[in-house]
Every structure is written in C-alpha cells, then in structure tokens.
Amino acid sequence: MDLFDLLIQILAVISLALGALAIVLGALGLVRLGDVYQRMHGAGIVDTGGAGLVLFGLLLLSPDWTVAVRVLLIGALLVFTSPTATHAIARAAGLAGVKPVLARAPRRASAGNAAEEKS
Amino acid sequence: MIEHTLLSVVLVALAIAVGLACIRAMLGPTAFDRVLAVNSIGTVAVLAIAVHGFWAGRPEFLDIAILYALLNFVGTIAVLKFFRFGSLGERAPHFDDPEN
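Taken in sequence, the protein lines are chains U and Z.
Using this note's numbering, the letters of the first sequence correspond one by one to residues 1 to 119.
Using this note's numbering, the letters of the second sequence correspond one by one to residues 1001 to 1100.
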C-alpha cells in the first residue's frame, strides 16, 4: 500500500509538471503566432493539454472522493465548453472576413501545382 | 511536501500564462484575438483557483472554479453574439437570411 501511494504521488507530480509546461508553451504560442487561426492552436494547447494534465494531477492528489468529483466536474465542463468557444470564435472570425495569413501569401510552386498548370 | 512546492511552481506558471495572454489581449489586431486571449485567461483562472485550493489545503475553492468555468463560457459566447448581431436579446434584422 505504501508503494501504491508513492506511485500515485510520482504520477501526480509528473502530470502537474507537464501541465504547467504545456500551459506556458500554449500561452507563448498565443503571443508568438501570426494569425487568429494560428493563435487558436496555442489556446487549444492551454485548454486541452494544460487543463487536462493539471486537473489529472489534482485528481490524483485529491484527499476525498467529493473533491475528486468536483475536479472531474471541472474537467467535464472544460472538455465540453472550451472547444465550443473556440469553434464559435473561429466561425465568427471567418464570417467577419478575417482571412488566414497563408491564403494571402503567394502560392508556392510545388510539384502538384506545376503539373496542374502544365496540363 | 514536494507536491506543495510543485503546486507553487504551477501557480507561477499560470501567472506567466496570464501575463502572456494579457500581452496578446492588448496587442491583438482584431477583436477576435482579444476574445481568444480573454477566453484563455478565463481557462487559466479556473485552473489557478483549483490549484490554489489544493495549495492552501482548502478544496472548497473548487466550487468557485466550477462557477468561473460556467461564467467564462457564457461570457465568451455573449461577447461573440454581440459582435455578430449587435444585440444580445432581440431578434436580429437579418436573422432569416440563409447566408448568415
């Protein structure tokens, strides 16, 4: 039983550390990327990887089953609401006429395009 | 003991993430960048409340985190609908237009 508790603690520590790393990297992507649609990738890392790992670590650290139920409730709520909010932002940006950056750039002459232009 | 230290580290990481998202919310060229940044700040705030509850040894803070998660979602959807239609409650004039 002691070994089991130690294993749970180690797993919780690893999960919390990876979650903190994912949150910082996602927020960095939110600043550094160049477009609304690209920045959504950073926000998605914060919403899925960061929140999932941190909440999983808290679930392993929870001392009581009521606390565990609340942590699971927060996780379920974030799982359902944050993709919906991101989808709504993307759809609103698309309907408002925000063009992705790569669509404005000149098209690269890849092999497939060159073959299409010749035929 | 090591969990307490690590929870402090996670709180610092969440604070850094809120700072970076604030930078994007101030710089963002379009309104949707700002909404995205504010949504991320809300998610990070939910996590920060939950982690602080465990850090302080008072898991009652998780109820506040649940409430804040609900508020964050409703607020984001409300702001987006206001951008789109210019109103929150009444029927928008181009509501029946199939293009929208």
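Hints listed in this document are in silico derivations from the structure and should not be mistaken for laboratory results.
Possibly wrong hints are sitting among the right ones.
Looking from chain Z toward chain U, a few residues come up when the C-beta cut is under 7 Å (computed) [claimed, not checked]:
no.: 1; residue: Ala1021
no.: 2; residue: Asn1039
no.: 3; residue: Ser1040
no.: 4; residue: Ala1069
no.: 5; residue: Arg1084
Glycine included, each C-beta is placed from N, C-alpha and C at the ideal position.
The hints, checked one at a time:
no.	hint	verdict
1	Ala1021	holds, 6 Å
2	Asn1039	holds, 5 Å
3	Ser1040	holds, 5 Å
4	Ala1069	holds, 5 Å
5	Arg1084	holds, 6 Å
When the structure is compared with the earlier hints, no violation turns up for any of them.
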